[in-house]
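2 protein chains.
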Amino acid sequence: MNLSTDQLNQLSINIDHWVPGHSVDCVIFGFEDQKMKVLILKLKGINLWTLPGGFVRKNQNLDEAAISILKERVSFQDVFLNQFHTFGGLDRKDLDSLHELLGDQNKKLLAWLGQRFITTCYFALLNIKSVVPQPDPMSNQCKWVDLNNLPILYADHKEIIHKAFSHIRIQLNYLPFGLSLLPEFFTMTDLQSLYESLLIKKLDRGNFQKKMLKLGIFERHKKKITGGAHRAPFLYSFNLTAYNKLLKDGIGFM
Amino acid sequence: MNLSTDQLNQLSINIDHWVPGHSVDCVIFGFEDQKMKVLILKLKGINLWTLPGGFVRKNQNLDEAAISILKERVSFQDVFLNQFHTFGGLDRKDLDSLHELLGDQNKKLLAWLGQRFITTCYFALLNIKSVVPQPDPMSNQCKWVDLNNLPILYADHKEIIHKAFSHIRIQLNYLPFGLSLLPEFFTMTDLQSLYESLLIKKLDRGNFQKKMLKLGIFERHKKKITGGAHRAPFLYSFNLTAYNKLLKDGIGFM
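Chains as they are written, first to last, in our numbering: chain A, 186 to 439; chain B, 186 to 439.
What the hints contain is simulated information worked out from the structure, not anything from laboratory work.
Among the clues, some could well be false.
[To be verified] With a Cα cut of at most 25 Å, we get these calculated PhoX-like pairs of lysine-lysine:
# : chain 1 : residue 1 : chain 2 : residue 2
1 : B       : K433      : A       : K348
2 : B       : K396      : A       : K399
3 : A       : K433      : B       : K292
4 : B       : K396      : A       : K243
A quick note: this is a predicted structure, and the numbers were derived from the prediction, not measured.
Using the sequences plus the hints, can you model the full thing?
What follows is the structure, encoded as structure tokens:
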């Protein structure tokens with residue numbers, strides 16, 4: 186199924202407002218069921234999943250373009266956003282898929298979209314429970330998928346996701362990932378699961394909790410209500426002042 | 186002084202070979218006299234220093250464009266090169282300076298150069314003593330300057346340098362900066378100076394050496410020949426196998 190004539194017209198009219206050959210893609214990470222998740226969209230007409238992305242308006246800088254995408258897809262709020270890499274390979278064009286999507290109706294648009302697109306990529310970290318993702322005009326579905334179980338993705342989008350994740354791991358000590366990915370109140374087990382997902386290794390429970398609590402960046406709250414009353418775990422939240430102060434020099438935890 | 190007609194013609198002919206609106210800039214770092222240095226070029230005709238940079242050929246990917254620049258400026262060899270950020274601000278065009286440089290002779294070129302340029306930036310780490318930098322066709326001088334004492338630079342190039350340095354600091358545990366910036370044989374004092382320049386703080390000598398040598402990534406050689414025979418420091422080099430193995434998981438030194 187091709188795009189409707191209306192949708193095509195809408196795109197064509199806008200061509201002149203956009204920077205040619207440059208796009209922005211966002212790898213939006215969340216954490217749920219003890220797993221890192223990524224938000225992907227399903228392109229209309231062709232059976233392929235993509236990252237949320239878009240073009241750059243001539244009156245927009247790159248950060249603004251990325252923020253627009255996040256606003257539209259996840260109603261941008263409390264999202265940590267970071268540019269991490271620009272992909273400019275010669276194979277960054279995909280005329281076959283575009284042909285399938287657009288047909289032969291609009292040659293100007295096809296030529297514009299068919300040039301090599303250099304794409305500047307951002308990663309975002311957010312609390313899955315706080316957003317309701319929306320598909321864009323080019324897509325009809327969006328969903329969270331496991332980082333470790335990605336479907337076939339458009340062009341080099343899988344490579345982009347893996348690169349984003351490796352950047353997060355390298356910058357781990359400087360990123361407010363706990364604050365961004367966890368709900369406001371969490372247990373030490375939640376935090377440990379998150380660390381384990383990012384470090385890709387199991388950690389010793391006692392040792393983890395001791396080291397973490399020593400950092401002085403948490404506030405302890407009432408115990409989490411569970412079935413059994415005894416051994417219910419404490420809930421914690423971040424002490425923002427202490428957390429931000431520590432992040433500046435890097436949390437040298439691992 | 187404007188560019189010569191020959192130089193202008195050379196640039197104009199090439200316009201069609203280049204990706205419009207996209208450039209690549211390189212922050213080339215070296216280490217000398219216990220200080221971090223950056224390589225800059227002086228633009229012909231206007232009294233401004235710039236970073237080594239260039240356009241992207243339509244048949245080049247971004248990494249290839251950066252490698253060309255390094256090859257031409259410092260005869261690329263043993264250089265650690267890493268993309269770190271793409272700058273796409275709306276103010277990334279500088280028609281006044283271009284007017285001064287190009288005059289009114291070539292309106293097509295002026296318009297081409299006068300559009301907003303999104304620039305993808307790389308940092309390189311190299312041993313200053315191993316290279317003889319060359320100016321490019323747009324410049325008539327190049328020199329190493331102290332990172333902490335930069336002259337006035339073209340457009341946002343100062344911001345680009347500071348961003349590059351902050352990326353190096355964040356990725357410190359994963360970068361082969363010792364191997365790239367130091368000569369093959371070095372003393373522990375050389376290594377400590379380098380660490381101090383990157384961490385921007387003084388370190389305790391005894392503690393530093395103890396921690397460093399514990400990493401098991403060095404080979405010890407003959408003592409450095411100095412004036413007095415006693416207390417001459419040992420020379421070290423990296424054991425590449427051990428060093429690269431440790432870098433994979435990050436050298437958790439600081």
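A quick look at each hint next to the structure:
1. Between K433 (chain B) and K348 (chain A), the direct Cα distance comes to roughly 15 Å. Compliance with the 25 Å bound is thereby established for this hinted pair.
2. Distance check on the hinted pair: K396 (chain B) and K399 (chain A) sit about 23 Å apart at the alpha-carbon level, within 25 Å; holds.
3. With a C-alpha separation of about 48 Å, the suggested pairing of K433 (chain A) with K292 (chain B) is violated against the 25 Å cut-off.
4. Restraint check for K396 (chain B) and K243 (chain A): not satisfied, since their Cα atoms lie roughly 52 Å apart, outside the 25 Å limit.
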